[in-house]
Amino acid sequence: MLLSVKSEAQEKSINICDSYYMEKQIICHKLPMEADGIVRLSKIEVYPEFLDEYIKYAVEVGEISLLTEPGVLTMYAVGEKDNPCKVTILETYASKAAYEQHIASEHFQKYKQGTLNMVKSLLLSDQIPLNPNSHIDNVIRRLY
Numbered sequence: 001m002l003l004s005v006k007s008e009a010q011e012k013s014i015n016i017c018d019s020y021y022m023e024k025q026i027i028c029h030k031l032p033m034e035a036d037g038i039v040r041l042s043k044i045e046v047y048p049e050f051l052d053e054y055i056k057y058a059v060e061v062g063e064i065s066l067l068t069e070p071g072v073l074t075m076y077a078v079g080e081k082d083n084p085c086k087v088t089i090l091e092t093y094a095s096k097a098a099y100e101q102h103i104a105s106e107h108f109q110k111y112k113q114g115t116l117n118m119v120k121s122l123l124l125s126d127q128i129p130l131n132p133n134s135h136i137d138n139v140i141r142r143l144y
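Residue numbering for the sequence shown follows full-length UniProt numbering, beginning at 1 and increasing consecutively.
No lab work stands behind these hints, which were simulated from the structure alone. Bear in mind that the values here come from a model prediction, so they are computed numbers and not experimental data. Accuracy of the hints is not assured; some may be wrong.
[Said to hold, decoys possible] Derived lysine to aspartate or glutamate pairs resembling EDC-like cross-links, with alpha carbons at most 20 Å apart: (1) K112 x E60; (2) K110 x D126; (3) K120 x E63; (4) K86 x D36; (5) K112 x D52; (6) K120 x D82; (7) K81 x E49; (8) K112 x E45; (9) K43 x E80.
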């Protein structure tokens, strides 16, 4: 089931990838990167006592976003090898509107509100791709 999304529908399209994608655990059809697309590194330092709980929130919001939001193109979180409390998330959004829809989503708000007391610091750093022809394709694999 692939959905064809037109530009006019982008601002309303965040919910077109419905529960079908969640149930099947497949990533919904993605919108193309627009001129106002966003490439961002979110650098987060988590208090050590909350790291395990924070990771659960981060994994959940990342997976739901990729599975259900056509404008969320990449959501890849990593922790520093020598200091796993320092988390970096590579995020790409098809457009500014897609980003705004993402941060207004129920699953992002759950993540944001649920982790407020866990985060020691947050730095959002917008990036410019050096090779605009290169992109990342996300895959979510279940190992069970």
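Checklist line | Violated hints - listed by number, lowest first | finding: 2, 3 and 4
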